[in-house]
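> Keeping their order, the protein sequence lines are chains A and B. Each residue of the first sequence is one higher than the one before, starting from 953 at the first, in the working numbering. Each residue of the second sequence is one higher than the one before, starting from 47 at the first, in the working numbering.
Rather than coming from a laboratory, the hints here were simulated on the basis of the structure. Just so you know, even glycine gets a beta-carbon here, dropped at the ideal spot from N, CA and C. Take the hints with a grain of salt, since some may be wrong.
Listed next, with one range per pair, are the computed distances between beta-carbon atoms [claimed, not checked]: (1) A:Lys1041 - B:Asn234: 55 to 61 Å; (2) A:Ala1268 - B:Leu78: 42 to 48 Å; (3) A:Phe1495 - B:Leu67: 32 to 38 Å; (4) B:Val210 - A:Lys986: 48 to 54 Å; (5) B:Pro81 - A:Ile1344: 28 to 34 Å; (6) B:Ile79 - A:Pro1047: 23 to 29 Å; (7) A:Leu971 - B:Asn121: 35 to 41 Å; (8) B:Leu70 - A:Ile1344: 37 to 43 Å; (9) A:Ile1144 - B:Thr199: 40 to 46 Å; (10) A:Lys1041 - B:Asn121: 53 to 59 Å; (11) B:Thr199 - A:His1259: 34 to 40 Å.
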Amino acid sequence: MHPMDVVQVIVYIAALTVLAPLLGAYMADVLSQKRCFLSPLLRPVENALYRLSGVDPEEEMTWKQYCVALLIFSGLGMAVVFCLQLTQKILPFNPQHLPAVSWHLALNTAISFMTNTNWQAYAGETTLSYLTQFLGLTVQNFVSAATGIAVFAALCRGIGRRSSETIGNFWADCVRSTVYILLPLSLVFAVILVGQGVVQTLRPYVTVTTIEGQQQTIPLGPAASQIAIKQLGTNGGGFFNANSAHPFENPTPLSNFLEMLAILLVAASMTYTFGKMVGSKRQGWILFVSMLVLFIGGLTVSLYAEHADNRLLGVAGSLEGKETRFGITNSVIWSTATTAASNGSINAMHESLSPLAALVAMFNMMVGEVIFGGVGSGLYGMIAYVILAVFIAGLMVGRTPEYLGKKIESFEIKMSVIAVLASSIVVLFSGALACITPAGLATLSTSGTHGLTEILYAFASAANNNGSAFAGLNANTPFYDLLTGAAMLIGRFSVSVPMLAVAGHLAQKKFTPPSAGTFPTDGALFVLLLLGTIIIIGALNFFPVLSLGPVIEHLFFIAGKGF
Amino acid sequence: MKQLLTCFRVFIVLTLLTGVLYPLAVTAVVRLIFPYRAGGSLVVVQKKAVGSELIGQQFTSYRYFQPRPSAIAYNPLPSGGSNLSCTSLQLRDSVENRGRQFCNSNRLSRQTVVPPDMLFASASGLDPDISPEAARLQIARVARERNYSKAQTAALALLVEHSVAPPQMGFLGEPRVNVLRLNEALDNLK
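With the rest of the complex left out, here is chain A:
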């Protein structure tokens, strides 16, 4: 590794650490309905939206009402994206005259964008019309992130409120997250990206005659506006097939740096927002540090693996599936960040990563996307782990566990266990199903241990709403479209619904002042306990199958053997 590589890593982590409390404080004001510096500009917009949609932002909801609103809103979004794809042929803004998308691919893509997964079984430039991209996908990029923030805000209120039946208003939370957080950030970011070379136009593709006289058709489109929110909202679905490796999505090292920052920025800032909203900033930092430790650990392993000698190929560090302008280090920071956050965009082909780097990417997803994780969803997923850690600590000291002044009882623990384990069960069972059915094996690009990893990666990505892929697997078949679609649905709602229930139940409880028997959750000991809980659950669930996949491949890799 070159010293410059280390500098880039340090600048990246420093920028994230400095920006997180700034944005986090702003988001806490927004979600607590306080005035913020953009209020004079955006309050009129917000009020206009309430008037147009008939929402009374003061009307409070119970957790069940909140949950119903979340589900019908998500269902509607999914239906609209589904229909847009089936009818895009006859709709406007389709300059390439792309045909209707097949029903199973349309369903998969609709679920994918609604659940903030943005799994790409499609190739944007040859499948989707401009209209589908901006009226369908861009909208879901925003609202799927907004619903994540909404559930997060409800959970913060659940912890912060005392003896309350309600946890806020879902519609107001969605509108506020969109208007105050996602939209202003995206507007600025999209314009900066175009300045670096990302395309933003409604003109059709251009066909050029190259210097050597060949024909080349260059796809265009309104990409920048979608890419900005795809990164900020931890969505990750590419405008083009090669996602952020495509020069029109990520043209320069600077655009790359900013996009990497955007991938983690909002989710990392949420830790500070959480601390501020529940009245203990220190608690927010504890979560930030826990996530950062896991992130840096994974990054170190990946960097080591990617810069190591490849004896089979006879090179030090492979550039297969990597772009010249990013090099190895920026590809690895990205692969770690995009899987730590449930973003799933890529700037290098994950299938061509070294086995250990691929293992880190899968581990990041398999623990449930809580290492920063998705916008909102990362933090509410992390709270499920926190509740389990507090429970384990409670067993050790022999007292009723408490967290931030709220007693943690059997209901909260049951819900947290569902939130933590549901996606793991989905990954293992659907992976097993794919391994024993001809339909699951038919579209692998390779056999043996790497083929198993292809399957495992697909379901780890879908069930944890990440969306990145080992792209050698052709996942656009009815089998994979439907199975990954189901995995994405379960992955999203088996966490958000239980955590809303936790929010509702915690809100009803009284405040319990800390006593001598309370296990402190704001120190280094708790960080260790939390990390232990995450790693043990992740490792115990997946160690056997990971051994058969990337671990064996790594042993072949260091022996210089190939398949």
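Following the hints, put chain B in place on chain A, whose structure we already have.
Frame of chain A; chain B shown alone:
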């Protein structure tokens, strides 16, 4: 029922805001301030677009600098990489072939360390850049194919050095050479 109605109205309002107003606003703003970038950074030679500065294209003639290997032969519909694993024997064979071909075509000894960007296919298949070293190793071949004099070859070497884009802001990314821009300048070299 009231929830359902609210749901429809909120969805429509947010769709108009984020799916119509937002992309149109961005499109309008960048058309004013970054028209070249927003339209795909098209390189125009004699009033005709010959490609995009950001999208790599195929150069088969040895009279031009060669780009990286591409899994899609630089056909952008759709973009993508080889997705071969780094323990793939198929990839090993490709790498050996590419190394041999690069050395033969540039009359380099077999001991030459071929820059890895010339051995491996990029992620997008459209990588517009090569490493400075990969460009330098091709200078002699290009000069030979074009029957350059010593002075012209020196001018070519200077052109290559001028084409090297250093890490952005001094520390971001890798140094690189844009192949299309270099070859365009090459055709204008006296």
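> Give a verdict on every hint.
Right, here's what the structure says about each hint:
Roughly 45 Å separates the CB atoms of Lys1041 of chain A and Asn234 of chain B, a value that falls outside the hinted 55 to 61 Å. The given range of 42 to 48 Å is respected by Ala1268 of chain A and Leu78 of chain B, whose C-beta atoms sit roughly 47 Å from each other. The hinted range of 32 to 38 Å is not satisfied by Phe1495 of chain A and Leu67 of chain B, whose Cβ atoms lie roughly 49 Å apart. The hinted window of 48 to 54 Å between Val210 of chain B and Lys986 of chain A holds, with their beta carbons roughly 51 Å apart.
Between Pro81 of chain B and Ile1344 of chain A the beta carbon distance is about 59 Å. The supplied range of 28 to 34 Å is therefore violated. Range check, Ile79 of chain B to Pro1047 of chain A: Cβ separation about 24 Å, and the 23 to 29 Å hint holds. The hinted range of 35 to 41 Å is satisfied by Leu971 of chain A and Asn121 of chain B, whose Cβ atoms lie roughly 40 Å apart. About 52 Å separates the C-beta atoms of Leu70 of chain B and Ile1344 of chain A, a value inconsistent with the hinted range of 37 to 43 Å.
For Ile1144 of chain A paired with Thr199 of chain B, a C-beta distance near 41 Å keeps the hint of 40 to 46 Å intact. At roughly 24 Å, the beta-carbon separation of Lys1041 of chain A and Asn121 of chain B lies outside the given 53 to 59 Å, and the hint is violated. Between Thr199 of chain B and His1259 of chain A the beta carbons are some 36 Å apart, a value that agrees with the proposed interval 34 to 40 Å.
Checked against the numbered hints above, the structure breaks hints 1, 3, 5, 8 and 10 and satisfies the rest.
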